[in-house]
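Q: Sequences listed follow chains A and B, in order.
Be aware that the first sequence starts at 6, since it is given in this note's numbering, and climbs by one per residue.
Be aware that the second sequence starts at 6, since it is given in this note's numbering, and climbs by one per residue.
Just so you know, the hints here were simulated from the structure itself, not pulled from any lab data.
As the structure is a computational prediction, the values presented were derived from the model and not from experiment.
Warning: the hint list may mix true and false statements.
Because identical chains cannot be distinguished in the list, a pair is counted as satisfied if it fits within a single copy or across any two copies.
[Unchecked claim] Below 30 Å or equal to it, Euclidean Cα-Cα: the simulated BS3-like pairs (lysine-lysine) are:
hint, residue 1, residue 2
1, K268, K7
2, K194, K168
3, K188, K80
4, K251, K194
5, K327, K43
6, K151, K188
7, K332, K277
8, K20, K332
9, K261, K168
10, K20, K277
11, K277, K201
12, K261, K173
13, K173, K194
14, K259, K275
15, K277, K251
16, K80, K332
17, K332, K52
2 protein chains.
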Amino acid sequence: MKLAIDGMGGDNAPKAIVEGVLLALEDFPTLDIQLYGKQQELQPFLKEHPRLQVIHCEEVVESEDDPARAVRRKKDSSMAKMLEAVKEGTADACLSAGNTGALMAGGLFKVGRIDGVLRPALATTLPTIDGQGFLMLDLGANAEAKPENIVQYAIMGNIYAQKVRGIKNPRVGLLNIGTEDIKGNELTKAVFGLLKEQTDLNFVGNVEARDLLENVADVVVTDGFTGNMVLKSIEGTAGAMMAMLKEAFMASGKTKFSAILMKSELKNLKAKLDYSEHGGAALFGLQAPVVKAHGSSNARAIYSAIRQASTMVEHNVTDVMKSTIAKSQAQ
Amino acid sequence: MKLAIDGMGGDNAPKAIVEGVLLALEDFPTLDIQLYGKQQELQPFLKEHPRLQVIHCEEVVESEDDPARAVRRKKDSSMAKMLEAVKEGTADACLSAGNTGALMAGGLFKVGRIDGVLRPALATTLPTIDGQGFLMLDLGANAEAKPENIVQYAIMGNIYAQKVRGIKNPRVGLLNIGTEDIKGNELTKAVFGLLKEQTDLNFVGNVEARDLLENVADVVVTDGFTGNMVLKSIEGTAGAMMAMLKEAFMASGKTKFSAILMKSELKNLKAKLDYSEHGGAALFGLQAPVVKAHGSSNARAIYSAIRQASTMVEHNVTDVMKSTIAKSQAQ
């Protein structure tokens, strides 16, 4: 299996990327990696490896670059070259921790959509209190969505939950402002009706944002605007609480001592909230897996995202999505 | 000043309501309260007070009652009678911790809209890390919103922030999926343009859900669907983290000891997150203040909500909204 990886994307690039790549090569014996980036910047962290190929690129897509045009303009960037490799079939999937918008636009433009997929969606696995986690999409690939787009998100999310997360009969929920069937705005009401008709899905109805971390569903679908809002609300609140907690533990000698006593429990708590273990976000609906690792990814998070991309390739997630979408359209 | 209060609404009614009422009567010497509810259920908690009038009602609006019809059908309920008092002018404002939907529908039906207000909005003050808090609306009074509705939310929120929260030149932000001016869906893009034209508002542009708790604005406006989602995401995440933290502190003798050392800091942390101190949610755009205390309100939260309703009356918030909306329509 061949993965193309952007060595220059994210806050900790290229160090974290190279280290994550080396970790993954060690653990996954069937993995070949093409690493794209500036040779001289990658070099300090590189080790020779028989299944690692480094491809020098002159340019880098920066986080400030205009998402819509970055990949088109920077033709010799690590991100553009990585997408190119997937397009040309020299790689089975690709991964970047760089500019999300540029990766989405570039993925759409270079890798292309699966026939019949109206809109690709951005999906990630978020943590739950019990450690199970759930897949949420769309997280903002599209600011607007039509009911039939969200139904496709559900179909694609369901396949991912089965193939990559190993859940037999994933519970698919619709994010809404109440759990009752009749709740919501025009969009969610229309989606609710359509999802009810999808007999191949285990649709469990509406789920509320309040209950997301309580493992109420395995796949939660929503429009990209709402998904992005909810994701950022969860991240913002968790971050704010961790900051407040840290401050509380630093207040005095007594509380600092308390922090020492709580060390392993606090580490557990942090690990539970850390969703990098589940991999990155993936763009669903493209001709090959395009994975977006978090911008702040460390080597471990890159390793997890590589594992995620590999699993998507191994279980033919794209092919299953292709045939399922084709089937759903024939109906 | 005369307040009408629903003695039967909320999880801790009537005890918490009566206790909150008695606390408020003690602290606010110009306050007269009409307390509506089942005499025999209120009785055990009541004390004689010269400025307290108890009005017996046979019925109670339950949390399971159909919001749209509850107040119309239960004509002799404490909620209906309380709204009636405001309508007839025997009370200046009213307050309930009961069924939110029923209170919103009942408020619209009994108390009525301010002329020119297209849609009333539900608003509440949420906590920020620095303790300042911010006002957010609409939290779900309307599942759909047009751009001009959200502009009115901004106008009403601005008045409330000035009059009740005492902020001279409130920063008004539009909740969006990015801070750049051009971000968003069709709705937020349209609202952005309209808010830019509102020269009487200190519009600070788009704010992201991730930064809400960081005090990025004093008033944050959004449509009711998104507002409800974000509110519940914040509540759900904070609740889940508090539960996880509690579990961590209960893990062993060592961690329990640590919890004792951290007692006052943890209490502080909880207090910071507790937005009942800021009062309840208020329905903006009605002919008189209608305040919704949280369903789980204790006596202290009821006291705060009473203070909030009193401040709204004292500063003529409704009249200022009336004249400002009229002026904005004349333009």
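Q: Next, verify each hint and record whether it holds.
A: Here is what the structure says about each hint:
1. With identical chains, the CA atoms of K268 and K7 are never at most 30 Å apart, being 40 Å at best within one copy and 54 Å at best between copies.
2. For the homomeric pair K194 and K168, the shortest alpha-carbon distance inside one copy (29 Å) is at most 30 Å, but the shortest distance between copies (38 Å) is not.
3. In this assembly of identical chains, the alpha carbons of K188 and K80 lie at most 30 Å apart only when taken from different copies (26 Å versus 47 Å within one copy).
4. In this assembly of identical chains, K251 and K194 lie within 30 Å of each other by CA distance neither inside one copy nor across copies; the values are 42 Å within and 38 Å between.
5. For the identical chains of this complex, K327 and K43 are neighbours neither inside a copy (35 Å) nor across copies (63 Å), given an alpha-carbon limit of 30 Å.
6. In this assembly of identical chains, K151 and K188 lie within 30 Å of each other by CA distance both inside one copy and across copies; the values are 17 Å within and 19 Å between.
7. Neither within a single protomer nor between protomers do K332 and K277 lie at most 30 Å apart by alpha-carbon distance, with minima of 38 Å and 53 Å respectively.
8. In the homo-oligomer, the alpha carbons of K20 and K332 never lie at most 30 Å apart, since the shortest distance is 44 Å inside one protomer and 59 Å across protomers.
9. Neither within a single protomer nor between protomers do K261 and K168 lie at most 30 Å apart by alpha-carbon distance, with minima of 45 Å and 42 Å respectively.
10. When the C-alpha separation of K20 and K277 is checked against a cutoff of 30 Å, the pair qualifies only within one copy, where the shortest distance is 25 Å, while the shortest distance between copies is 39 Å.
11. For the homomeric pair K277 and K201, neither the shortest alpha-carbon distance inside one copy (33 Å) nor that between copies (42 Å) is at most 30 Å.
12. In this homomeric assembly, K261 and K173 never come within 30 Å of each other (Cα to Cα): the closest approach is 45 Å inside a single copy and 40 Å across copies.
13. In this homomeric assembly, K173 and K194 come within 30 Å of each other (Cα to Cα) only inside a single copy, at 27 Å, whereas the closest approach across copies is 41 Å.
14. When the C-alpha separation of K259 and K275 is checked against a cutoff of 30 Å, the pair qualifies both within a copy, at 22 Å, and between copies, at 19 Å.
15. Proximity of K277 to K251 under the C-alpha cut-off of 30 Å is found in both arrangements, the shortest distances being 17 Å within a copy and 14 Å between copies.
16. For the homomeric pair K80 and K332, neither the shortest alpha-carbon distance inside one copy (36 Å) nor that between copies (54 Å) is at most 30 Å.
17. In the homo-oligomer, the alpha carbons of K332 and K52 never lie at most 30 Å apart, since the shortest distance is 46 Å inside one protomer and 71 Å across protomers.
The structure fails to meet hints 1, 4, 5, 7, 8, 9, 11, 12, 16 and 17 from the earlier list, while all remaining hints are met.
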